[in-house]
Amino acid sequence: MKKILFTALFLCASLSLAAQDPVALLKQNDTELQKELKKKTHTAKDIERIKYLSSGLFDFAKMAERSLPKKTLDTASAELKAEFSKEFQRMIENSSVHKFKTTKFTPSDSTIYEEPKYRKNNDEVWVTIHSWSKGKDMLMVYKMDKTGDSWRVWDLVVDDLSTTRNYQDQFKSILETDKKTFKELIQIVKDKADEYVK
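Throughout the sequence shown, residue numbering follows the numbering used here, covering 365 to 562 in sequence.
Check before you lean on any hint, since a few could be wrong.
[What the hints assert, rightly or not] Subject to a maximum C-alpha distance of 20 Å in a straight line, what follows is the list of computed EDC-like cross-link-like pairs (lysine to aspartate or glutamate):
(1) 450 <-> 524
(2) 544 <-> 555
(3) 465 <-> 479
(4) 510 <-> 488
(5) 399 <-> 410
(6) 391 <-> 533
(7) 391 <-> 540
(8) 556 <-> 447
[To be verified] Distance ranges between label pairs, derived from CB positions:
(9) 442 <-> 473: 41 to 49 Å
(10) 499 <-> 467: 14 to 22 Å
(11) 482 <-> 462: 29 to 37 Å
(12) 407 <-> 536: 38 to 46 Å
(13) 467 <-> 512: 28 to 36 Å
(14) 511 <-> 558: 24 to 32 Å
Because the hints were derived from the structure by calculation, they are not lab data.
Keep in mind that this is a model prediction, so the values were computed, not measured.
Beta carbons: idealized from backbone N, C-alpha and C, even for Gly.
The task is simple: from the sequences and hints, build the whole structure.
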């Protein structure tokens, strides 16, 4: 079976700020996350805070759904899809914390937020961010849907690599090329989520 490369997500988010415009939301959460990451040591409470800031605005149900082939979505039971969504979320949250704990944090020299691009009658927005560190530019695009008064992220594109599409390609390969069942895929995702907390 092909080795799975799971992408850690670097979103700073806070549900308490959902009423703000998307750019202000991302700016404030980035400030909060950087403050946490600058600490020399992290308590269990700090780790939970980092986990919350890293993924609090993600619409995991939508991301999970968009990461699966249509055939799987059409044939899987509601119970299995709910279990997949749960383990998918756990994997992303754990991988983000693992990345922050094992990678030396280098704060950005500067960050520029472009004007948000609204789509679909203003129910969807794309926010592009340029983050420079040591002369290198990282380009990130947050794709967000509006649910009520809340903005929820369903994709993060980093240097033209879509997180959702990346998972979709991996899961499709496991299901169609490796001939794994949906239950087996759920177990693979669950095992990966567990691996990040060992």
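Do the hints match the structure? See the list:
1. Only pairs whose Cα atoms come within 20 Å are accepted, and residue 450 paired with residue 524 is rejected, the gap being roughly 27 Å.
2. Using a Cα cut-off of 20 Å, the hinted pair residue 544 and residue 555 holds, with the two alpha carbons roughly 15 Å apart.
3. As the CA atoms of residue 465 and residue 479 are separated by approximately 32 Å, the hinted pair breaks the 20 Å bound.
4. As the CA atoms of residue 510 and residue 488 are separated by approximately 6 Å, the hinted pair is consistent with the 20 Å bound.
5. Taking the CA atoms of residue 399 and residue 410, the gap is about 11 Å. The hint holds against a cut of 20 Å.
6. As the CA atoms of residue 391 and residue 533 are separated by approximately 31 Å, the hinted pair breaks the 20 Å bound.
7. Taking the CA atoms of residue 391 and residue 540, the gap is about 40 Å. The hint is violated against a cut of 20 Å.
8. A threshold of 20 Å between alpha carbons decides the hint, and for residue 556 with residue 447 the separation of about 15 Å falls inside it, so the pair holds.
9. Between residue 442 and residue 473, the C-beta spacing of about 47 Å keeps the proposed range 41 to 49 Å intact.
10. Range check, residue 499 to residue 467: Cβ separation about 19 Å, and the 14 to 22 Å hint holds.
11. Evaluation of the 29 to 37 Å hint for residue 482 and residue 462 yields a pass: the beta carbon distance comes to about 34 Å.
12. Against the hinted window of 38 to 46 Å, the Cβ-Cβ separation of residue 407 and residue 536 comes to about 40 Å, which satisfies the hint.
13. Range check, residue 467 to residue 512: Cβ separation about 35 Å, and the 28 to 36 Å hint holds.
14. Our hint of 24 to 32 Å for residue 511 and residue 558 holds, since their Cβ atoms are close to 30 Å apart.
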